[in-house]
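J.: Protein chains in written order, with the numbering used here: chain A, 1 to 207; chain B, 1 to 207; chain C, 1 to 207.
Any given hint could turn out to be false.
In silico DSS-like pairs for lysine-lysine, Cα to Cα no more than 27 Å straight-line [as the list claims (entries may be wrong)]:
1. C/K137 x B/K179
2. A/K205 x B/K65
3. A/K179 x A/K65
4. B/K179 x B/K65
5. B/K65 x A/K137
6. A/K65 x C/K205
7. C/K205 x C/K65
8. C/K65 x B/K205
9. B/K137 x C/K205
10. A/K205 x B/K205
11. A/K65 x C/K65
12. C/K179 x A/K179
13. C/K137 x C/K65
14. A/K205 x C/K179
15. B/K179 x A/K179
16. B/K205 x B/K137
17. C/K205 x B/K205
No lab work stands behind these hints, which were simulated from the structure alone.
Okay, here's what each chain looks like letter by letter:
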Amino acid sequence: MAFRLTPSDTSFFDLLATAAQHGVEASRLLTDLLGARGEEALRITEQLRDVEAAADETTHEVVRKVNAAFITPFDHVDIVELAAAIDTCVDEIESVGFLIGLYRIPDLPADVVAVIEIISRMAQVTADAMPRLQSMKSLDDYWIEVNRLENQADQLYRRLLTQIFDGSITDPIQVVQRKDLIEGLERAADSFEVVAQHVEMIAVKES
Amino acid sequence: MAFRLTPSDTSFFDLLATAAQHGVEASRLLTDLLGARGEEALRITEQLRDVEAAADETTHEVVRKVNAAFITPFDHVDIVELAAAIDTCVDEIESVGFLIGLYRIPDLPADVVAVIEIISRMAQVTADAMPRLQSMKSLDDYWIEVNRLENQADQLYRRLLTQIFDGSITDPIQVVQRKDLIEGLERAADSFEVVAQHVEMIAVKES
Amino acid sequence: MAFRLTPSDTSFFDLLATAAQHGVEASRLLTDLLGARGEEALRITEQLRDVEAAADETTHEVVRKVNAAFITPFDHVDIVELAAAIDTCVDEIESVGFLIGLYRIPDLPADVVAVIEIISRMAQVTADAMPRLQSMKSLDDYWIEVNRLENQADQLYRRLLTQIFDGSITDPIQVVQRKDLIEGLERAADSFEVVAQHVEMIAVKES
Chain A
1 MAFRLTPSDT
11 SFFDLLATAA
21 QHGVEASRLL
31 TDLLGARGEE
41 ALRITEQLRD
51 VEAAADETTH
61 EVVRKVNAAF
71 ITPFDHVDIV
81 ELAAAIDTCV
91 DEIESVGFLI
101 GLYRIPDLPA
111 DVVAVIEIIS
121 RMAQVTADAM
131 PRLQSMKSLD
141 DYWIEVNRLE
151 NQADQLYRRL
161 LTQIFDGSIT
171 DPIQVVQRKD
181 LIEGLERAAD
191 SFEVVAQHVE
201 MIAVKES
Chain B
1 MAFRLTPSDT
11 SFFDLLATAA
21 QHGVEASRLL
31 TDLLGARGEE
41 ALRITEQLRD
51 VEAAADETTH
61 EVVRKVNAAF
71 ITPFDHVDIV
81 ELAAAIDTCV
91 DEIESVGFLI
101 GLYRIPDLPA
111 DVVAVIEIIS
121 RMAQVTADAM
131 PRLQSMKSLD
141 DYWIEVNRLE
151 NQADQLYRRL
161 LTQIFDGSIT
171 DPIQVVQRKD
181 LIEGLERAAD
191 SFEVVAQHVE
201 MIAVKES
Chain C
1 MAFRLTPSDT
11 SFFDLLATAA
21 QHGVEASRLL
31 TDLLGARGEE
41 ALRITEQLRD
51 VEAAADETTH
61 EVVRKVNAAF
71 ITPFDHVDIV
81 ELAAAIDTCV
91 DEIESVGFLI
101 GLYRIPDLPA
111 DVVAVIEIIS
121 RMAQVTADAM
131 PRLQSMKSLD
141 DYWIEVNRLE
151 NQADQLYRRL
161 LTQIFDGSIT
171 DPIQVVQRKD
181 LIEGLERAAD
191 SFEVVAQHVE
201 MIAVKES
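Isolated chain A (complex conformation) (with noise of 0.2 Å):
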């Protein structure tokens, strides 16, 4: 059962665009640590704690409103679980940031570098798609990226998994180090393709 938005609704896009902005923020600090030594290193991965601690309180504020809130643009779970798969994401950047900071693997494998920059991509159309949700159109386009970037960050994933194991990498402490990181990043990666499935079951349920 569905509500069609009325103007005092608005704040709920608001919140959801404010939690995809989390993400997009998250994946930018993921970012400036590749290239990051010592004490900015340490920094960045506090920024990226913090980051992660707003987007906690951006999705209780949801969680918050939808219980005070008689009429919503959509079903009440349904935005709870958009704004919680939202977080996910925001996690599972941290986490890696922490797992590049535990490592500190010597020169990271270019398609690192490449998942990064796609799971940066997906937080940025995953920001972009929020004010749609308010109009439901336009949302197609949105999904059908993210499935495309996560193809693309899993055939990365596919290709790293084949390096780690070709016979370059001749400690077995960093074979386990390496292949957390990339499953790290491939969660990242999935994490966004779940909140574009939620989108799509809200499209689903509108329709």
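Following the hints, put chains B and C in place on chain A, whose structure we already have.
T.: Below, chains B and C alone, put in the same frame as chain A:
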């Protein structure tokens, strides 16, 4: 909210049957891959990718058809989520195929073969159950069987994990690879249980 | 769509309380396992399997009862999904017990003990919350506490992961085993947060 079947809805069951048939095909190819070498193995992993792409296409067709339909045999979201869950089974089987190709583990343990047989059986009972969604009859048998098979797969997973760490494999990179492969198999078995849970939830709603 | 409680529905809350009690029992056995050796350890892992089987049985009873009931205290699907989420907690705890038995890691870090204490606390607050589903009162306290505990567990997970890679463990197979164990603990802690999210969603619907 659910609607009883009308003649025009038959196509949804056909589509879900097609989706599940991709799972049968994927598990057949995975079985073939076990005995294949060289060029033939490459050809089979390519065929697996084709089946995975065909499964994606079927899922999109379900979404399109649901969006175009006013009345569907059950809740719009449930049909889409069921199709997506079946799609995940094919994805997981294809991933296992990729890992078998990547790691080329010599003399795979008999229990790996046994798990793949269980996955094939899960795919078959899932495909067999799809037409029964129409009448909602004899579905209990289906999910009891899937649960039973998943329990078997889980026991084999534990035995395989125990074997990996029994001291017979001394190369840690081999340990990592074998663990990755059996985790992929476990995810594939789990994914069929998730399909059964979706079917059970639909039955709960219809009851 | 939700229905307020009628006297005959009390049994659903009793069943959910029983389900959550399996989680308390499982976490108690996991704590006992930490100090056990030899025969006693074997006996405890067997008891864990029994609790896991009993939890499965309770979940099936919930499904049967929901299917037989016309009116339930809240949405049929929500009750079944909540029961399934609690069941997953028991599964995850039992898996950790299996891994402790398999890897027999000498001198487990104090932080592992601390995470298991957190999981026990999560199990207890979950069991305490179940009767409050009836009135839907004081549930905020419950999920705020679960979130707080999950954050603590996550910080300990990161500290444990950092310890694994600080150079003190030189055997890569030990690295793989310890990483597997702490990932299992993290999944167990997460599973209680998922239960809290289900409860929160039910509250969102009821609001």
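J.: If a hint holds in the structure, say so; if it doesn't, say that too.
T.: Hints and how they fare:
Among the hinted pairs, C/K137 with B/K179 is inconsistent with the structure: their alpha-carbon atoms are about 45 Å apart, more than 27 Å. Between A/K205 and B/K65 the CA atoms are separated by roughly 13 Å; this keeps the pair inside 27 Å, and the hint holds. Among the hinted pairs, A/K179 with A/K65 is inconsistent with the structure: their alpha-carbon atoms are about 40 Å apart, more than 27 Å. With a C-alpha separation of about 40 Å, the suggested pairing of B/K179 with B/K65 is violated against the 27 Å cut-off.
Distance check on the hinted pair: B/K65 and A/K137 sit about 19 Å apart at the alpha-carbon level, within 27 Å; holds. About 13 Å separates the Cα atoms of A/K65 and C/K205, which keeps this hinted pair within 27 Å; it holds. Restraint check: the Cα-Cα separation between C/K205 and C/K65 comes to about 22 Å, which is no more than 27 Å; the hinted pair holds. For the proposed pair C/K65 and B/K205, the alpha carbon gap of about 13 Å is at most 27 Å, so the pair holds.
Between B/K137 and C/K205, the direct Cα distance comes to roughly 31 Å. Violation of the 27 Å bound is thereby established for this hinted pair. In summary, the hint linking A/K205 to B/K205 is supported, as the alpha carbons are separated by about 17 Å, within the 27 Å threshold. The straight-line distance between the Cα atoms of A/K65 and C/K65 is roughly 34 Å, outside the 27 Å bound, and the hint therefore fails. For the hint linking C/K179 to A/K179, the alpha-carbon distance of about 12 Å falls within 27 Å, and the restraint holds.
Restraint check: the Cα-Cα separation between C/K137 and C/K65 comes to about 24 Å, which is no more than 27 Å; the hinted pair holds. Annotation: proposed proximity of A/K205 to C/K179 is violated, straight-line Cα distance about 42 Å (limit 27 Å). A distance of roughly 12 Å separates the Cα atoms of B/K179 and A/K179; the hinted pair therefore holds under the 27 Å criterion. Distance check on the hinted pair: B/K205 and B/K137 sit about 14 Å apart at the alpha-carbon level, within 27 Å; holds.
With a C-alpha separation of about 17 Å, the suggested pairing of C/K205 with B/K205 holds against the 27 Å cut-off.
The structure fails to meet hints 1, 3, 4, 9, 11 and 14 from the earlier list, while all remaining hints are met.
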